[in-house]
Each structure stands twice: as structure tokens, then as C-alpha cells.
Amino acid sequence: MTMHNGDRSDPGSQPAMVLSFFKRTLPFSGLEARSLETLASQARIDFLPAGTRFLTQGESEVEALHLVQKGGVRLYTRDETGRETLVDFRGEGGAVGGMALVQGGRARLSAETVEDTFFIKVPKAAFLAVVEKHPQVGRFYARAFAEEYTALAFEELKERSGTLPEPGALYLMGSRVGEIMHGPSVDIPMGASIQKAAQLMEENRVGSLLVVDPSGEHLGIVTDKDLRKTIAVGMAPEAPVEIIMSSPLSTVDERAVCFDALMAMMRQELHHLPVTRAGKVVGMITAHDIVVMQGKSPMALFREITAQRDVEGLYDLSHRTPQVIRALVQEGAKAGHITRMITVINDCLLGQVVKLLLKQLGPPPVEFCWLLMGSEGRREQTFKTDQDNAIILRDVEDPLIARAAGVYYEAFTERVIAHLVKAGFPPCPGGIMASNPKWRLSLAKWKQTFERWILKPDPEEVMHAAIFFDFRAGPGQAAFAEELKSYIMPLIQRQEVFQRHLAANCLQNKPPLSFFRGFIVEKDGQHKNQLDLKSRGIAPIADFARVIALRLGITETSTLGRLEAISDDGIVSRDLIAEVHEAYEFLMQLRLVHQLAQWERGEDPHNHVAPDSLTDLEKRTLKEAFQVIGRIQSFLKDLYKLNIA
Amino acid sequence: MVRNPLSITERIRGAVAGLISGPPAAPLLAKNHAYFQQLDQSKPLEEYEFAVVDTELTGLDARNDEIVSIGGVRIRDMELDPSDTFEAIVRPLGDMPKTATLVHRITPQQVKDRPGLEDVLPQFVEWLGTSFMVGHHVGLDMRFLNRACRKVLGAELKNPGVDTMRLAQVYEAELWESYYDRYTLNISYNLTDLTERYGLPAFGSHDALQDAFQTAYLFLFLVRKLKQGGIHTLHDLYLAGRSWRWYL
Chain A
1 MTMHNGDRSD PGSQPAMVLS FFKRTLPFSG LEARSLETLA SQARIDFLPA
51 GTRFLTQGES EVEALHLVQK GGVRLYTRDE TGRETLVDFR GEGGAVGGMA
101 LVQGGRARLS AETVEDTFFI KVPKAAFLAV VEKHPQVGRF YARAFAEEYT
151 ALAFEELKER SGTLPEPGAL YLMGSRVGEI MHGPSVDIPM GASIQKAAQL
201 MEENRVGSLL VVDPSGEHLG IVTDKDLRKT IAVGMAPEAP VEIIMSSPLS
251 TVDERAVCFD ALMAMMRQEL HHLPVTRAGK VVGMITAHDI VVMQGKSPMA
301 LFREITAQRD VEGLYDLSHR TPQVIRALVQ EGAKAGHITR MITVINDCLL
351 GQVVKLLLKQ LGPPPVEFCW LLMGSEGRRE QTFKTDQDNA IILRDVEDPL
401 IARAAGVYYE AFTERVIAHL VKAGFPPCPG GIMASNPKWR LSLAKWKQTF
451 ERWILKPDPE EVMHAAIFFD FRAGPGQAAF AEELKSYIMP LIQRQEVFQR
501 HLAANCLQNK PPLSFFRGFI VEKDGQHKNQ LDLKSRGIAP IADFARVIAL
551 RLGITETSTL GRLEAISDDG IVSRDLIAEV HEAYEFLMQL RLVHQLAQWE
601 RGEDPHNHVA PDSLTDLEKR TLKEAFQVIG RIQSFLKDLY KLNIA
Chain B
1001 MVRNPLSITE RIRGAVAGLI SGPPAAPLLA KNHAYFQQLD QSKPLEEYEF
1051 AVVDTELTGL DARNDEIVSI GGVRIRDMEL DPSDTFEAIV RPLGDMPKTA
1101 TLVHRITPQQ VKDRPGLEDV LPQFVEWLGT SFMVGHHVGL DMRFLNRACR
1151 KVLGAELKNP GVDTMRLAQV YEAELWESYY DRYTLNISYN LTDLTERYGL
1201 PAFGSHDALQ DAFQTAYLFL FLVRKLKQGG IHTLHDLYLA GRSWRWYL
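Chains as they are written, first to last, in our numbering: chain A, 1 to 645; chain B, 1001 to 1248.
Hints in this document: simulated from the structure, not taken from any laboratory. One thing to keep in mind: the hints can contain errors.
What the hints assert, rightly or not - Using 30 Å as the maximum straight-line C-alpha spacing, the simulated BS3-like pairs for lysine-lysine come out as follows: (1) K70/A / K1227/B; (2) K1225/B / K70/A; (3) K334/A / K534/A; (4) K1112/B / K124/A; (5) K23/A / K196/A; (6) K1112/B / K1098/B; (7) K124/A / K1043/B; (8) K510/A / K456/A; (9) K133/A / K225/A; (10) K485/A / K447/A.
What the hints assert, rightly or not - According to the in silico footprint, chain B covers these stretches of chain A (three or more CB under 8 Å from chain B): (11) 110–122; (12) 425–439.
For glycine and all other residues, C-beta sits at the position ideal for the given N, C-alpha and C.
Please model the entire structure based on the sequences and the hints provided.
Put into C-alpha cells, the structure is as follows:
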């Protein structure tokens, strides 16, 4: 097998074709040039027409790693009765026989070509030599969901969004609070006068002071806004400063990334945050610092929303959310962060709509709690998400007040929904909105409704109601939502039948793994040849996290938060949880990046991607993510003995 | 998998045959001639070696034009071995016409310092060994190679040739018969077009080695697809294309 070369024009270029194949195929693409060349020189090319079975489960000795150069292979198992069950498909760049080679033994699965297929075959010995030298190659085939490569795929997604035009990058994720804080803080002793505080601020040219007690501990904060208030209400300048301070102090550790500081400020509506080192205040950070650090900031948007005095003014502001998201994606923020940010902005917008409306309509006859459900409830909103909301009203005995509340809230909810629609949140096609009398109930009625769903689940209704179980409190009395939650949690935990119905939800959509380049794409309709990331990928994982969390009585609603809480319990193996976590983040990220690109092109963001538009690495990672979904589905099947195909 | 292109007995028989059939025209071609004098066609295809060859020329006139590059890749066990290749650029005796340069992108400058055919050809013959020669419209390549061999080595190659273009024509006829479809008369049997038609992995064309690779893929495809995969021995392959001739 010597290589003759009369007079090679380009030494080392051979076998260029095979070499370039390995260079773009995982896990080989990460190997150094020498190993790749050795591998390429040992590879052979084989052709098998469609319908050729080349491995038989449990019988065939695997002599080579088959890498699909062009074509497709289906992998299946056959039980004693001869029934075949499809396990997976391998498209271009996919490998067959890897696990058997790494772990020894005969073929794990039967393999048959479904298209005319060209293979690049790596003989067993050559493959094992590579595995010995590069353990990660072995791990790639042995391990289910290779985290190392997910990280790479994330990088690619980041790069892809990096090509979007955007001047002035943000550094929210990259910089730490300690890097931009002002220090040390300006302190004022307890008992000092308000006037003294104003003088101190003026001298030091700062907007806030920390109040310290005689032991030196920081008790609270006084800002220029507080001083304004004292004058507005005509308070004596001699009054002690602690009357107007805000206490206790919210602080942020100096090692926190600026993103977290910003989140804290937005959540609590603060503009000044003391920065701590080992629990001791060492400086201050203000919203202004963060605004200065970056041009187009979530904080700026946030402030404009809260400063808006009429509802109509909010419509335009909400259209600026994508710009904020773009900046974050570009910075490499993970989907979990971004959706949280979007949620905070949307919450803020909703809060402002409600606040302004309450001002317009006058005080309500009874208190309420706005409920956010579905992706809003899970804090997983992306671009434009349909509204999913409801409202809880306080229980009242007096029929007169009850009627008044009915009239008031009908008008109130209809207006809120209408404003939200104008601000770019389309109405829920299923009518799950607070303006729907079905979902505008008193607390007692809500308890009954949930109880009915839980005790007498009707599959149709459970499907429909699943998103209700992701509820969290919006504006209003959060206590109502808390009470409802603590009422239904024990009910669900006792009702395994209900949990089974929820689990069945997760099994609705099979992972789209198929022969056509590895993916089943939608066969017809508007999204022909595309893949629905939401219904086939994101929803099943959310369903899985929901049912297990409810089973365990976990009140957290976000999917990633639920997964984290679940992993502490041990019912699901940590490995599987880690895989699900990675898969979910990746799917969310992919969806975000695609929606962002759609938004950039002026299209309406949707959940469909064309597999052809993905890079090999993305395709591969996506496929693995779908495989993880297959695993959680079988986990639920076993847990709840759901023997539905 | 059996890897035994030439059993010991065959080799001995070949050598003996060579002795009996009188002195070969050139020592280098002795083995070549001996081997092909008694070709057993009944063995599985896996036991033969195929060298897929492509040449780039200064023109199509076998009398006056010359070879400017040779590319080849081996198929053994009916698998393509991408590491067993031959590639050479040859300095022609005459001028390199512009029209030819435009086709294969080899410039007069590039060939200036290359060895002449008299140096390259023995290396090629040695590499070729006792493989069947496979090529797209292989007759043309063989005419040029044989003319060169006669001149440089004093005898022609005896390696039988398999023409992938013929195979493709037979395959198309088969498709036509089995599908009762209207026979497409305007199929282009150009290598690039067939590659696209059959959905084969595509290479850049008009580099002798790339074209050899491309032809090798086409060959693997056609051999497995012809007769619905019923081609097992060399004889089957011969029968599949009764209408063709072996370039013996």
C-alpha cells in the first residue's frame, strides 16, 4: 500500500478529500493535524446501495467505524418476535459502530442504509489507536450528550449572532461589579440631620449616602430622591437622617457580573447598590454607571418604561426589546439570562400598564392578583410571545361588592389586554387571558378550578391546563398566588393520575430524528422542510420539568430552575438532568438566535428553523438535544408506566 | 474481509506463463503481460484490484497530442483507498496549447521543470501493477498511455480497462427497462453531470487526481447498482455490459 508519486505537485495534500472530511466532522475536527493525516491515510471509502443491512444487532463484529459521507443510515433493534423498533438515523457526518468499537463487543444495533450511501470507513485498529491517544474521541461515542461539543456549538451560535450589525458592544456579561464601582462609599452617622446629609452629598458629589450605626455597621441608604421627598412633604431639615433612609440595604458582591447588578436594580427599582467584599461594603454602583458603560441598555429601556406617563407611550418602547436582546446575545449571554431579562422588561411593561390603568379607572373595589402563565410564568419569553394570563380576585361575601368587582375587572382586564396587544403581545389564540370571564375568578373559584383539573383530569383539559401550572404572580397581591399554589401543591402530589396525564403531555411529540439528513422536517404547510423547535424540542422539556417539579412539590416555575431543584432530590439521575439542562439551553439559544435573525430581516419571529441553514456542529448538537428528549420521554414512561407508543 | 488480490499459486503460474510466452518486450511489463494472459474472471470483484485513472492531455488527437498529467487511485476489496494514489504532472515535448491550459489549468510554466514522460511512465506502470484500469471514457486514456508505453517501454499495457461511461449507459438502459419510463435520450454522460445525476459526493474537476477520485466514486456506485446489486464476480461485470468490449 505504498504511495507512489511521480512528482507530486502538492505534497501532504493527500488524501485531501478525506482529510477535509475529518476536519469538519466531530469529534475528529478537534484533533491536531498529525493525527488527522494518519487517520485520513488509513480510511477507506465504501459504497452501499439503499436497503443494505451491514450490521446485525448482537451478531456482527464491528470491524470499522462507518462515517456517512453522503446518504443516510437507520439504526434499529429487533426483539424476539422480530418486531423492529427504530432507534435513530445517521445522516452526513454521522457515525455508525462507534460505541461498539469503544466499549467492545458486537454491534449494539442493526444498521441499514436508507439511501445510496458512501461511507468513510476507519478500520477498527486505526480508530482504537486514535481513541487511545485522544480519550475525548472515545468519550464522544460513549457519552450520550457531549458537553464539550455543546460549548463549541454555543460558540458558533454566538459567532453567528456576532455577524449582526450592532455598534457599541455591551460588556454586561464580561465585566464585574468591582471593576466599575465607585469607592469607598460616603457614610453618614445615625442621628445626623437631613441637612447634613444634603451637604455631604454635595461635597462628595454623590447621589447616595450610607447610614452607619455607632458600631460601624451599614443600616440603610439615603439617595437624592429621598431628599427631594423631604422637601416635597415639608420635613424639617434638622430631622435625623434615618427617618428617610431605605433599610435594609440591598447589596451586590463585587465579583457579581454587571448583569446581575442590573437585574437586582431592575427588580427592586433601585438606582444605587452598595458593593460588598466579603460582606463588607466597599463601594457603590449606580444604574448610571451601567448606562455609561454601554450605549443601548436594558436599564435605559427599563427606566423609560417606568417613566412613561401614558399607556400609549409604552407601545413603542416594547418594540425596542429586540435591540436589547441582540446586544445580549452578541455578548454571549446564555438563553437563560436573556429570557429572564426579557421577562423583567415585559413584567415592567405590564406593571406600568396596570399602574397607569388603575390611575385612570380609580381604585378597584377589591384587591386582585394578575397571574402570568405559560412561558411568561416560566420566565422564558423570547421575542413576541402570545399572552397567557389570568386574574385572581379577592373572595368577597357581599354580593354588591362582588358585582361591582365584576364590572370593574371586566373593564380593567379588557383594557390591559388591549394595551398589551398594541404593545406587540398577540392575544392568546386559546383565549387564556384575564379578559376571558372563565379566567377571571375569585381565589375560592380558582381553588375549585384547579382542584377539578387535578382530581378529575380529562386529558384534553390537562393539555389545555398544563400552562396554568406554570403560573406566577404579576402585579397585585402576590399573596393570592402564593395561597393558590400552597393549596394545589399537596393535591397534585397526592394525585398520581393527574401527574400521569401531565407526563403524557411530554410524550406527545416524538423527537424529530429521521433519515433525511438526520431530521424529520415538517412535511407540508407554511413551514415545509423546517423543524419546529418549540413543539418538538422546548415544550417536551418544559413538560418534563413541570411534571417532576409538581410531583416533588417544587414551586419554582422556570424550567432551568425546576431542573436544578429536581437534581437535588435524586429522583432523576444527575447526569440526565445535566443533559436535559444543556439540551434546553441549546434549544432556547438556537431559537433566540434564529428569531433575532428573523427580526433583523423584518420578518415575524417564529419557532421554525430549516436544518439546512445550520452548521454541522449545530445540527449535530441539535440532534443530540433531541436524543436527550427521547431519554426523558422513556424516563417518564417508566416512571408513570405509560405504555403508549 | 479477504485481502488476497494475488494468491501465491497465481503468482507462480503468472511467472511461468511469462517465461513460456517468450521474452516480453520490456522487463517492466513482463509481470503485467504474464498476469493478464490467464485471467480468471470467476472470482468475486473483491479479489481484483482496480486502478481508477484519469489523464489530462494537450488535446484529443492521439497521434499528436500528449499527456500532461496522470492521476490514479486504487480500489481494493471494492473499497476506495484514498491513500494509494498516483499523481504526476508531465512536461510535454511540444508546446502546451492555450485551449488545453484553459481546460485543466496547467500552465506552460508549471510543466517547465517537470520530468518528461520517459521518467514518469515507468513509475506509473509500477504503480498500476496488475490492477484493472478504470476510467471515464477510458479508451482515450488508454490510447494515449499505450502510445507512450510503446515509445518509452517498447510495449503496450495489457491491463484490461473498464469504462465507467459504458457502465453508466448500461445502467441508464436498465433504469429505462425496469421503470417503463420514457427513455431519456438527452442524458449527458459527462463525468460532472453523472455525478450530479446520481447524487455522488462531488470533487473539483479537471485535475487528474480529482477526476480519478470522482470516477472511482462513480465506479463504486455503478457496480453496486447495476443488475440491482447482482454483480458479484468479474464475469458478472463483463456480462452486464455485453455490448461493450474489454479493452484487452
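How the hints compare with the structure:
Annotation: proposed proximity of K70/A to K1227/B holds, straight-line Cα distance about 22 Å (limit 30 Å). Straight-line distance between C-alpha atoms of K1225/B and K70/A comes to about 16 Å, which keeps the hinted pair within the 30 Å bound. A hinted pair counts as satisfied when its Cα atoms are at most 30 Å apart, and K334/A with K534/A qualifies at roughly 17 Å. This hinted pair does not check out: K1112/B and K124/A have alpha carbons roughly 44 Å apart, beyond 30 Å.
Taking the CA atoms of K23/A and K196/A, the gap is about 70 Å. The hint is violated against a cut of 30 Å. Taking the CA atoms of K1112/B and K1098/B, the gap is near 15 Å; set against the 30 Å cutoff, the hint holds. With a C-alpha separation of about 27 Å, the suggested pairing of K124/A with K1043/B holds against the 30 Å cut-off. Restraint check for K510/A and K456/A: the C-alpha separation of about 27 Å stays at or below 30 Å, so the hint holds.
With a CA separation close to 65 Å, the supplied pair K133/A and K225/A exceeds the 30 Å bound. Straight-line distance between C-alpha atoms of K485/A and K447/A comes to about 9 Å, which keeps the hinted pair within the 30 Å bound. Requiring three or more residues with a Cβ within less than 8 Å of a Cβ of chain B, the coverage given for the region 110–122 of chain A holds, as 3 such residues are present. Coverage of the region 425–439 of chain A by chain B is violated [criterion: at least 3 residues with CB-CB distance below 8 Å; count 0].
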